[in-house]
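J.: Protein chains in written order, with the numbering used here: chain U, 1 to 304; chain G, 1 to 333.
These aren't lab readings, by the way, just hints derived from the structure by calculation. These numbers were taken from a predicted model, which means no experiment stands behind them. Where hints are given, some of them may not hold.
[Stated by the list, open to error] The following residues of chain G were derived to be distant from chain U, with all beta-carbon distances above 10 Å:
(1) Glu-42
(2) Gly-74
(3) Gln-87
(4) Leu-130
(5) Thr-184
(6) Ala-281
[Said to hold, decoys possible] Reference excerpt, derived from the structure (chain G facing chain U, CB under 10 Å, subset only):
(7) Pro-60
(8) Arg-86
(9) Ala-94
[What the hints assert, rightly or not] Across the chosen pairs, the derived CB separations fall in these ranges:
(10) G/Ser-285 <-> U/Ile-222: 54 to 60 Å
(11) G/Ser-285 <-> U/Val-131: 34 to 40 Å
(12) G/Glu-135 <-> U/Thr-49: 47 to 53 Å
(13) G/Arg-128 <-> U/Leu-59: 47 to 53 Å
(14) U/Ala-28 <-> G/Met-259: 43 to 49 Å
(15) U/Val-131 <-> G/Ala-84: 24 to 30 Å
(16) U/Gly-129 <-> G/Ser-285: 50 to 56 Å
(17) G/Asn-9 <-> U/Gly-142: 56 to 62 Å
We put the CB at the ideal spot given by N, CA and C, even for glycine.
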Amino acid sequence: MSSKQQAYLPDDELPPDDGRSRGGPLVAELSYVLRHSRTVQIGLLLVVTLLLLGAFAPLLTSYSPNRIDLANTLQPPSRTHLLGTDELGRDELTRLLYAARVSMIVGLAAVAISNVLGVLFGLVAGYAGGVTDNVIMRTMDGILAFPALLLALLVISVLGPGLLKILIAFGIAFAPSNARLLRSMVVSVRENEYVLAAQALGASRTRVMLRYVLPNSVSPLIVSASLGMGFVIIGLAGLGYLGLGAQPPTAEWGAMLSGSQARFFTAPWLLISPGAAILVAVVGYVLLGDGLRDALDPRLRQSQ
Amino acid sequence: MAELLRIENLRTWFRTRSGTVRAVDGVDLHVDHGRTLCLVGESGCGKSVTALSIMRLIDPPGRIEPGSRILFEGRDLVELRETAVRQVRGSDIAMIFQEPMSSLNPLYPVGEQVAEAITAHGEVSRARALDRTVELLGLVGIPSPERRAKEYPHQMSGGMRQRVMIAMALSNDPKLLIADEPTTALDVTIQAQILDLLGHLRDRLHMAILLITHDLGVVAEMADDVNVMYAGKIVERGTVESTFHHPQHPYTEALLHSMPVLGMTQDEPLEVIRGIVPNPAAWPSGCRFASRCDHAFERCRHEPPLFRAADQQSACWLCEDGPRAAAGVAVAT
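Generate coordinates for the entire structure from the input sequences, incorporating the hints supplied.
T.: In structure tokens form, the structure reads like this:
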């Protein structure tokens, strides 16, 4: 145990500060994972690329996503239109880039909502325990009984289609699994001696909850957020394909698929490119989430 | 010597589905200003629950039963509301724990945690709190405190972390420090360092210490007074000298003789206390030690009160008519 010996070391013999753990154990762990997990690297590369393409879409293309050009409909890929044009003469690449924006924003917003709700309910349920715990978690179980897509369809059938409604629906649908995850972490973290020690030093319940229990419980949510992005993107594309998601003329991958499937034999590029975009996005997030889970989960790490 | 803490008839019971566990069942004790009281007993006898009861950190299903009194400077802590208890915790009474490895929040630098303990009570500016943090870390013997304050718990050894815990406990000049087996998880040389430090700080800061331990060596080294606990009750109390030299209760006597002594050979059998501690959900009536006691006789079916015996008090019928002759052990104090 070299760490035990540190107690005897005089001042000038302290081990040099290697800077590896600067920023705290969680940051250190994440940066370690980033440097050593190929899965995480590939996932992150795909995800960041998509985010950047979506964010800088107006700078990357000179076309407008909704500008109709009836003189150039259904053009195959060429130098002027890298991925061709659709039945209204709109540049396919431009629409893909703008659609990436939609998917990323809806995904991030839905995941943010589901995490905020999940953290709120999971933390309160896990820390309060007893009746409060039971009421909150049984409600969560109730919501969890509905498949996310079905819940979204329910919301749409009541409120009508639209991106805002979809992201709220997904946010609520994915909240219970986050709440369960966080609650289970909170229940084990609050048994740690540092929680008791903080109380013994006069910290209030709120302070203990926010400074001690919550920060030590959130790391599994990083994984679930990444996987959740994948689910939301697929769900959004599915609803778009059914015509219940983004409404025309908004560019959206699922809607682009359904609009062009009739022309599969005459203009296959219109089908392949949005399909490939969905694939890349989902694979990116799932790889990132899976890699993070493998790297952060101590049970899986031991077997490596 | 003026009295700082007086506990009267403390009963902390846990009402579980499988019955009421009477972990602490009628404890009386008192701690004087500036003195060290050791609460000794084997695992499960209620020492830690007694300590947590003083801090009012008993969670359901545990409950401090009505009629229990914990008087700190004359104020009954049992009666206080949660917000008022919080004022006492960490300022008048502070506590350190057994496991320094897990007593610190792994996510923040240790200096920040000490500073947090300072700002939890009273209005202190952040800069002032950081100055005081470095001062406290120096006081508990951490070398280059400015630099160590920026380190995370995982970068420190167990002994260093226990020093940080002590610094946090001292941050508001407590009058009473409760130390629940503070050295159990440390190796022997570090144990000695931490005990030295506690003794030194007690004298320097004029605080009283309630030290909970099952290690009689620690008792001999640290204690002014000793209270021996068995099965949720105090069975013997006295000064450390009198208790070690003339143990009055058979349990204390057996405990002292089950301790290996330097110079013993392998041929000498180490005495053990036969049997096990009775189930706390169903204490036997009468003397709770009777089933394991070599001296048990008819009267032990009735519960003995604490009798005055020589310089001690002992809850044994043998001491009804004053001190009995019992073999003690030598102790250097």
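J.: Now tell me, hint by hint, if it's right for this structure.
T.: Here is how each hint holds up against the structure:
1. Listed as outside the interface, G/Glu-42 is consistent with that label: its C-beta sits roughly 21 Å from the nearest C-beta of chain U, beyond the 10 Å cut-off.
2. With a least CB separation of 21 Å from chain U, G/Gly-74 remains clear of the 10 Å interface cut-off, as annotated.
3. At roughly 7 Å, the least C-beta separation between G/Gln-87 and chain U is not larger than 10 Å, which violates its mark as non-interface.
4. Look at G/Leu-130: its CB is around 17 Å from the nearest CB on chain U, clear of 10 Å, so calling it non-interface holds up.
5. Interface exclusion of G/Thr-184 from chain U stands, the closest Cβ pair being 13 Å apart, more than 10 Å.
6. For G/Ala-281, the shortest C-beta to C-beta distance to chain U comes to about 22 Å, beyond the 10 Å cut-off, and the non-interface label holds.
7. A cut of 10 Å between beta carbons decides the hint on G/Pro-60: the least distance to chain U is about 8 Å, and the hint holds.
8. Given hint, G/Arg-86 at the interface with chain U, holds; its Cβ is 5 Å from that chain's nearest Cβ, closer than 10 Å.
9. Evaluation of the G/Ala-94 hint against chain U yields a held restraint, the C-beta minimum of about 7 Å falling below 10 Å.
10. In this structure, G/Ser-285 and U/Ile-222 meet the distance hint of 54 to 60 Å, their C-beta atoms being roughly 57 Å apart.
11. For G/Ser-285 and U/Val-131, the Cβ-Cβ distance of about 37 Å falls inside the hinted range of 34 to 40 Å, so the restraint holds.
12. The hinted range of 47 to 53 Å is satisfied by G/Glu-135 and U/Thr-49, whose Cβ atoms lie roughly 52 Å apart.
13. At about 50 Å, the CB distance of G/Arg-128 to U/Leu-59 agrees with the hint of 47 to 53 Å.
14. Roughly 45 Å separates the CB atoms of U/Ala-28 and G/Met-259, a value that falls within the hinted 43 to 49 Å.
15. Between U/Val-131 and G/Ala-84 the Cβ separation comes to about 26 Å, which falls inside the hinted range of 24 to 30 Å.
16. At about 35 Å, the CB distance of U/Gly-129 to G/Ser-285 disagrees with the hint of 50 to 56 Å.
17. In this structure the supplied range 56 to 62 Å is violated for G/Asn-9 paired with U/Gly-142, their Cβ-Cβ distance being about 48 Å.
Violated hints for the displayed structure, listed by number in ascending order: 3, 16 and 17.
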